[in-house]
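Kindly generate the complete structure, drawing on both the sequences and the hints.
Protein chains in written order, with our numbering: chain A, 1 to 486; chain B, 1001 to 1486.
Please keep in mind that the hints were generated in silico from the structure rather than gathered at the bench.
One or more of the hints may lead you astray.
What the hints assert, rightly or not - Here chain B is said to cover these stretches of chain A; the calculated rule only asks that three of the stretch's residues, wherever they fall, bring their Cβ under 8 Å from a Cβ of chain B: (1) 364-372; (2) 405-411; (3) 471-483.
Every residue, glycine too, gets a C-beta built ideally from N, C-alpha and C.
So the chains spell out like this:
There are 2 protein chains.
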Amino acid sequence: MPDLRIINGRIIVRVLSFLLMIESVFMFSALVVALIYNEPVKPILFSALITGIVGVSVWLVMSKQKRKNIGKREGYLIVSLSWVVISLFGALPFVFSGAISSYTDAFFETISGFTTTGATILTDIESLPKSLLFWRSMTHWIGGMGIIVLTVAVLPFLGIGGLQLMVAEMPGITPDKLHPRITATAKRLWGIYVILTFAEVLFLWVGEMDLFDSVCHAFATMATGGFSTKNSSIAGFAPYTQYVIVAFMVLAGTNFTLHYLALHKRFDKLKTNQEFRLYLWFILIFTFAVTLGLLFFVNLGVEEAFRNALFTIVSIITTTGFITTDYLLWPSYIWMLVFTLMFVGGSAGSTGGGVKIVRHFLLFKNSWTELKRTLHPSAIIPVKFNGKPVSQDIIFNVMAFFLIYMFVFGIGIVLLALMGYDFETSIGAAIASLGNIGPGIGGVGPVENYAFFSPLAKWFLSFLMLLGRLELFTVLIIFSRAFWKN
Amino acid sequence: MPDLRIINGRIIVRVLSFLLMIESVFMFSALVVALIYNEPVKPILFSALITGIVGVSVWLVMSKQKRKNIGKREGYLIVSLSWVVISLFGALPFVFSGAISSYTDAFFETISGFTTTGATILTDIESLPKSLLFWRSMTHWIGGMGIIVLTVAVLPFLGIGGLQLMVAEMPGITPDKLHPRITATAKRLWGIYVILTFAEVLFLWVGEMDLFDSVCHAFATMATGGFSTKNSSIAGFAPYTQYVIVAFMVLAGTNFTLHYLALHKRFDKLKTNQEFRLYLWFILIFTFAVTLGLLFFVNLGVEEAFRNALFTIVSIITTTGFITTDYLLWPSYIWMLVFTLMFVGGSAGSTGGGVKIVRHFLLFKNSWTELKRTLHPSAIIPVKFNGKPVSQDIIFNVMAFFLIYMFVFGIGIVLLALMGYDFETSIGAAIASLGNIGPGIGGVGPVENYAFFSPLAKWFLSFLMLLGRLELFTVLIIFSRAFWKN
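So this is what it looks like as structure tokens:
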């Protein structure tokens, strides 16, 4: 029997209710879009009101309680539950407007947005009102940097518990502190995020995109989400726009600590950061290989081949999922390179999903070192990252992470197959959801969508997205027996 | 630049030449079969003579040297090279007889035999002379328990270096010592192997098989190899024969230390061995699931469904690769359960290939423990196996093993795809070779063969088989820089 007394339930409910208030404010911004474009306001208004009223009333009821610090257990529960709760409420506009008739579909679309997966069940995206498309892109943007990080930035009462929450939500291994105070670190992260998003809006707007599309695509790019406002994703836009999006996808997949250092002219740190260098090498080498492949085996001009290769590689490695071309139409040995990148992911401390570059770096280096250890069993040979030895504990954690990741991936394939989907579709949907990518292979290729999945499969894929976004441990730990024992 | 002076090359060549003498003796046994069945003797006679003469002459030249102990480096080189060398010579009978016209094909068939993979390039197995079929099955039997282990058993001069060699050749984590003296341990292992093979011959002979088929199939079963003398593998034999083979596959996939203990009536050790229990549970649960699946979705009688399920599950988990039915014709969610088992493998210290049950046990338990460690970072929580805590070093080694295994598997898929094979075939051939299974999925399904691969692909798959049989480290370490530096 789980011992519920060890959990401080009130503090959890209180933070969740505050998150709903924040979500309500974001929803009201979509209301502005509806007013500008003369679209029906009721669906969004009602959604925002319900979300806000639930948030405020629960907050008021709970605020009578004495202030208490947030422990580890509360932290994991708050972070995991918050992503479920904001998705449950975030789905309301789609349902109330009738744009998505089934609640399961609306929830799938919303959690796919918040987790920056970008897998869609919509078959005709352009038929949606602009206000809903805006809300859809906004879910990406909120989820990209994280609603918890935002909360820590604006909610001083979280105190030292805030660090715990951020660790549980942020991707990567050990979060860098940009400032001794956690609130200040969270503010700086969101600050950089806003600045970069703003910059991308400007660059896109200068091109062929109107302001609305620029904002929506900037949201989706900076969050490495992948929702577009167009049925053909980015394929219909000019090369200029495509290159701008590539540049900002690369930035979004970079550790935001490096952006902070770059803003403070600490460029030396960028040059020596091994994860950043490996990230750029990955992009360079894979783009080169795919470009070559396309030139030899597909009839394309050099610029077009290079652009399609670069765009696809960057879109997949950063787990954004924007598309300019159907890579599954390429020869299989080319799209399998793309498939390989689905297991790589962005940098730690970026908005990108997946396993993350730094983990691969440590795994690879440690495996190689293990060969040396076999030869010299008594010697202690540490793995170094950015010039510093990495503790055994971290290596252990990274290895366990990757194993559980592959295990969940395997279980995902088997369960999807049991639900009746074919081999490639099961593989594609499992990794595209768990890695927060969006497009996969098989039936969920770049020009397909997730509409055909059964409700059960959609809830399962939603769970995979959540596991991926919160990097497994935060969610899985709740299901362990130790969590519920004192 | 590699520093060649740190390697004692002469001792390596000397051991290799002794292995050729042993191989020559085994080849002469195939000559007896040729004489009995009135088949051409020249191909095998010449092969045995060449192998023997090369072995004896090199041995004589090298024996002038002073006796020296075998170091770690020499050990890894001896074991890796020995498997290549015996395959190079073992291919001769196929080439000399004209049964396999290309040397690449003959080498592939031979190393597939020695590594107990059982992947064949033969399209009509039954057209081969019995003496060649016997030699083909014999390569399995030699490779199953290991020619190095055999050498240690019969060659006292190896001294303490023998332990090093056996560790490098034997599958598993830490080899159990059946006797303080390594020579005695090796003798006991081969003794049990011979007894079990003999028992299986008797059980098969009692049924419909003649003595020749009984011996060949016993060789292939006890080595978890999978070469049959029939084109349809085991499908054409009666249920009795199939059940006998199932029983001996299960025994072959069990740690031979347990057989030794059972022979000494230490049955308590069997009951409490966690790897053995997990192994049986795997077989039980998967057989149950597949039987159920077959009953519901395929029109089969209960006994036939159960028998096909049991046979396939046992054949794949032990990495034998015998076939009674084409599992790829089953619904995909059923054969994907079979596919999952390709990543499991037999027990440590058995003749089975793959990752091995004990590694999965430790990986799974450690990953779960890692969740606990996240909750209590300062506590030291060890993973236990058979009631004893497992050292961090071993866990580290197992994790590195699995990661390199999956990495090699991934590289394998990409390289095969680059050579022009489709997704499923690339996956199937990579895991079936690396896991020493034989049949895979796609173009290398249970009723297919490996004839269609290009020579380059065949050499690459041969390398994967070697990597799998020697459990990666023994081979890979030779390619590390540290190996060639003092």
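Consistency of the hints with the structure:
1. 364-372: Result for this restraint: holds, n = 7.
2. 405-411: holds (count 3)
3. 471-483: holds (count 6)
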